[in-house]
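Asker: What follows is each chain in one-letter form.
Number of protein chains: 2
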Amino acid sequence: MDHRIRQAEAYLDQCRHQVDRELDRCLARNATSERLQETMRYSVLGGGKRVRPALCMAAARAMGSDESTALAPACALELIHAYSLVHDDLPAMDDDDLRRGRPTAHIAFDEASAILAGDALQTLAFALLSDAPALSDRQRVTMISELARASGHQGMVGGQAIDLESVGQQLSVAQLETMHRHKTGALIEASVRLGALTSETVTECQLSNLTDYASALGLAFQVQDDLLDIEGDTEVIGKRQGSDAARAKPTYPALLGIEGARQHLARLLDEALSALESFDSEADTLRAMADYVVARSH
Amino acid sequence: MDHRIRQAEAYLDQCRHQVDRELDRCLARNATSERLQETMRYSVLGGGKRVRPALCMAAARAMGSDESTALAPACALELIHAYSLVHDDLPAMDDDDLRRGRPTAHIAFDEASAILAGDALQTLAFALLSDAPALSDRQRVTMISELARASGHQGMVGGQAIDLESVGQQLSVAQLETMHRHKTGALIEASVRLGALTSETVTECQLSNLTDYASALGLAFQVQDDLLDIEGDTEVIGKRQGSDAARAKPTYPALLGIEGARQHLARLLDEALSALESFDSEADTLRAMADYVVARSH
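These protein sequences, in sequence, are chains A and B.
Every letter in the first sequence is one number past the one before it in our numbering, and letter 256, counting from 1, is 256.
Every letter in the second sequence is one number past the one before it in our numbering, and letter 177, counting from 1, is 1177.
For the record, the hints were derived by calculation from the structure and aren't laboratory data.
All C-beta atoms, glycine included, are put in the ideal place defined by N, C-alpha and C.
Hints are supplied without guarantee of correctness; some may be wrong.
Under 8 Å between C-beta atoms, here's a sample of chain A residues computed to sit facing chain B [claimed, not checked]:
id : residue
1  : Ser-33
2  : His-87
3  : Ile-115
4  : Leu-116
5  : Asp-119
6  : Asp-131
7  : Arg-138
8  : Arg-140
9  : Val-141
10 : Ser-151
11 : Leu-164
12 : Glu-165
13 : Gly-168
Pairwise CB distance ranges (calculated) [as the list claims (entries may be wrong)]:
id : chain 1 : residue 1 : chain 2 : residue 2 : range
14 : B       : Val-1167  : A       : Thr-201   : 46 to 56 Å
15 : A       : Ile-258   : B       : Ser-1068  : 27 to 37 Å
16 : B       : Leu-1045  : A       : Glu-231   : 27 to 37 Å
17 : B       : Ser-1136  : A       : Ser-281   : 38 to 48 Å
18 : B       : Glu-1277  : A       : Gly-64    : 48 to 58 Å
19 : B       : Arg-1267  : A       : Glu-200   : 48 to 58 Å
20 : A       : Ile-107   : B       : Asp-1013  : 46 to 56 Å
Over 10 Å on every C-beta distance to chain B, these chain A residues come out as not near it, computed from the model [what the hints assert, rightly or not]:
id : residue
21 : Asn-30
22 : Arg-35
23 : Gly-260
24 : Asp-270
From just these sequences and the hints, can you work out the full model?
Answerer: See below:
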């Protein structure tokens, strides 16, 4: 297990270098507004583990694709994730002032710049996919369609809306799961699916197994996030410890207890790994990523 | 001239019916969050002249395409326009409480719902294009790329950033034009280009002429907007009369005088019509739209 976690960390590092270089290039073009461009760069290039890009590239590897073909979708996924964080942190939303150990975009710049930067980061994600090198038009169109479905009102944004409506509400575990499946799960599923779609020979059955893997992993990620919010330390997790509880947000430990949440996490890890049974050793990076998600400390 | 304006109004009516029916259908799917869906519907279906969809469909007609192939891009353009209005109206941006004669989205609902609805409307625009019926994958990818470029940080959102930075500043006519070319011009150009791209035989030269037409038309639209803001009546224009001047926003009449702005408008109309010289009578709807933009009272 320790070996697999180190393997995942090394893979995350490697993906982060590639993705950060590509994102830096995408955001370095002539600025229409320097302030807007600076806000976009600050929001995207200020750290982050790049879990979604790494999942995308690991799924491409699992399908035997050249991983470089997954770079554009990997960056598009990170841009969508980055835009959602910028908007989620806004005063009218979660009103957070700290993210990845630094002031949030609307604090470092201003609220209008943060709104516009988020908007433009979303647009850039679709621009990047529409011009993705080494992918056919069919692949680009399919990926754009999947990314849009995962991140729009029936996916991530829908989940964020449920989340805001849930503050102060008593949710059941099932309702909490529905919220997370939309808010974070849909994009994690898309990360794995877009990676797999770099292969022209991927089958419906393979896609379905990979989606099951990602679905369990996405929930596991959230359970671990909830546990870290209670047990973690602000300096290590990069946001205020206990901030969920302070806002009376429903969490797994609140519903299941800390021990119950840990058991739930272990079950989800099993589920994720079982979904990969039909894959050979090329899926080992995906397996390592699952171990990492459950064991991570930030 | 009067005849052409009536022709444009009839065409706008006809397009509005088709586009509104299609948008209603796109926004009627199962809601993840009812409040989010209601905010999206309120923001899109609450009126509006649908100038961009009509330009898109008229450009398809000018190229001899079946206009129904332009319906998806026309709706995508309107969704981008609608999202930009919702976000521009937010308190941290233009802080407007009235739009199209009704409370703005963040007043009718709340700020978080308005931010999320705007986000999801943008996503939906790209989803719609990626699934557009009767278009090839190549056409979809090209349209997505063009729409993203026109609406992102190097287009519409970039222009909105310049606009916010310009409040209270003394701009030259050239600087004002740069702002408008990004903020509204880029999307109007994209409207005409996406319509033309429904034809598989459109040439670079035809696209270039149509872009020149749209570029002049976009600026004319803005000059007329500025004139209406001074001369119009709140009830007819659907937003507060004099609201630009009240925020010390730079305008054409402020820089050129009312008479100078009117002359500028006439020159732009000439420019738009000249760009269509090589097109036959199939482009008459585009010609009528130009007359309409200059003569409109709201």
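Asker: With 38 to 48 Å as the target window, see if B:Ser-1136 and A:Ser-281 comply at their CB atoms.
Answerer: holds, 39 Å
Asker: Return holds or violated for the Cβ distance of A:Ile-107 and B:Asp-1013 against the range 46 to 56 Å.
Answerer: holds, 47 Å
Asker: Holds or violated: the hint that A:Arg-138 contacts chain B, with Cβ atoms closer than 8 Å.
Answerer: holds, 5 Å
Asker: Hint validation: A:Gly-168 versus chain B, beta carbon distance must be below 8 Å. Holds or violated?
Answerer: violated, 14 Å
Asker: Would the hint on A:Leu-116 stand, with a C-beta cut-off of 8 Å toward chain B?
Answerer: Since the shortest Cβ distance to chain B is 5 Å, the answer is holds.
Asker: Are B:Glu-1277 and A:Gly-64 spaced within 48 to 58 Å by their CB atoms?
Answerer: This hint holds: roughly 55 Å between Cβ atoms.
Asker: Between the beta carbons of B:Arg-1267 and A:Glu-200, is the distance compatible with 48 to 58 Å?
Answerer: For B:Arg-1267 and A:Glu-200 the Cβ distance comes to about 53 Å; the hint holds.
Asker: Against chain B, does A:Arg-35 hold up as non-interface, every C-beta pair farther apart than 10 Å?
Answerer: violated, 6 Å
Asker: Is the interface hint for A:Ser-33 satisfied, with its Cβ closer than 8 Å to some Cβ of chain B?
Answerer: holds, 3 Å
Asker: Let me know if the C-beta of A:Val-141 comes in closer than 8 Å to any C-beta of chain B, holds or violated.
Answerer: holds, 5 Å
Asker: Closest CB-CB distance from A:Gly-260 to chain B, is it above 10 Å?
Answerer: About 27 Å separates A:Gly-260 from the closest Cβ of chain B, which puts it past 10 Å; holds.
Asker: Quick one: are B:Val-1167 and A:Thr-201 within 46 to 56 Å, going by C-beta?
Answerer: Given a distance of about 55 Å, which is inside 46 to 56 Å, the answer is holds.
Checked against the numbered hints given earlier, the structure breaks hints 13, 15, 16, 21 and 22 and satisfies all the rest.
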